[in-house]
Every structure is written in structure tokens, then in C-alpha cells.
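Let the sequences and hints guide you as you build the complete structure.
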Amino acid sequence: GENVEQHPSTLSVQEGDSAVIKCTYSDSASNYFPWYKQELGKRPQLIIDIRSNVGEKKDQRIAVTLNKTAKHFSLHITETQPEDSAVYFCAASIPHRGSTLGRLYFGRGTQLTVWP
Amino acid sequence: DTEVTQTPKHLVMGMTNKKSLKCEQHMGHRAMYWYKQKAKKPPELMFVYSYEKLSINESVPSRFSPECPNSSLLNLHLHALQPEDSALYLCASSPLPHSQGTEAFFGQGTRLTVV
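Sequence lines, in order, name chains A and B.
For what it's worth, our numbering labels the leading residue of the first sequence as 1, then goes sequentially.
For what it's worth, our numbering labels the leading residue of the second sequence as 1, then goes sequentially.
Derived by calculation from the structure, the hints in this document are not laboratory data.
Keep in mind that the hints are not guaranteed to be accurate.
Said to hold, decoys possible - The calculated PhoX-like cross-link candidates involving lysine-lysine, where the alpha carbons are at most 20 Å apart (straight line), are:
hint: 1; chain 1: B; residue 1: Lys22; chain 2: A; residue 2: Lys22
hint: 2; chain 1: A; residue 1: Lys42; chain 2: B; residue 2: Lys36
hint: 3; chain 1: A; residue 1: Lys42; chain 2: B; residue 2: Lys22
Shown next as C-alpha cells:
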């Protein structure tokens, strides 16, 4: 199956600074890369995603970049705020065992803390 | 309605009990998923239903039994669970299950404690 590595496992930044979380994947068939934010005791929420035919996508303070050649993708959060504090998961989607059914493989998560 | 709704939010059950978790979505999504999540870990896929048919079973023990009565509902029947099965159980849905990559939306989860 796919192997998604995520770094760092913890990240502390001062309010207003930028935060970057990086993920690598192993299977070149991966074609969809979502990022989820999970606050304590809550559901994972999709915050941004990117497909394999796009190199970069931005939504206000959040951006994702994808390098297919190097098999890595990154989440960039600018002007961080205390409410950005949460666990962030990257994921990669590939077809399941030769079928047309896709499934997500998650990274291990990054605990982001933004200090006021 | 743009939500995935799970009930109950919390469940405490004994090892001899039988209980069910329920999940509902009215977004017309044709793929539905059960995930298990332990504290400080990513969600682990358990089952995938595609067009109301079980398509993926990630070698889940038979004490977990999924059911998809229709395109909007997904159940997870629990029987003879072990304390190590205590976790957050998340339901998710996505518009289509195909490999082109579609957004998965998660419910708020059921916090299960097995005593």
C-alpha cells in the first residue's frame, strides 16, 4: 500500500509567523492529496486539497504545493492565529488494489501550536 | 444539508453487550466509510461502501459488522468488543468512490468506551 510520511510531528510558532508541514508519499499512482485539520475532540475537517495535475493551490492564508517528481507535498499557513492550533493530517489517495475505488492513506499528523 | 451525522456521540458498553453506531448523510454521496481513530493517531480505515456494496474490509475482526441499508445510511454493529476497541469511530462520505480523488467529509464521531 501507500506510505505517507509527515514532518514535523510537533510545531510551535508565534502568532503571525508562518507554518510549514511537509509530507512525502511512495506510490506514484497517488492522485489526490487532501489536508485535514482536527481540533481536540472534534472531527477531521478538510481545509484544502490538491490533485495530481496541479502544482499549487491557495485559499486565503492556506496554500498547498505538490512536487510529483519528488513525491512530496506541503501545507503552508501564513499569518498564523491561535485558532489555527490543532492536529493537521496530510493524506494521499490511490486506487485500491487495481480497482477504480480510491482510498486515503494518512500521515501521522502534526500538532501545531500557535502562541499568542 | 452538508453534514455527516453520527449517533450516538458517546457510548459506553460492556464486553458482552451488542450496540450499533449510526451514520447518515443527505448529500447524495455514493461512498461511505468507517474509520477508527485512537488518541493522537491518524484515522484508520475499517470499511468502505461503494453504491451500498461493501467494497473494502481492512481485515477488521468480525466483532465489527457494517451494514448499509440505503445510500444515506451506514451502520456499524458491535458485539463482544474488547477494551482495546475503545476509540473514536468516524464515519465519512464522499461523492464518488472512484480513483480520481474526491473529498471525504467526516462526521463528528462516536466516542466508544468498552468496559
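Can you name, in rising order, the numbers of the hints this structure does not satisfy? 1
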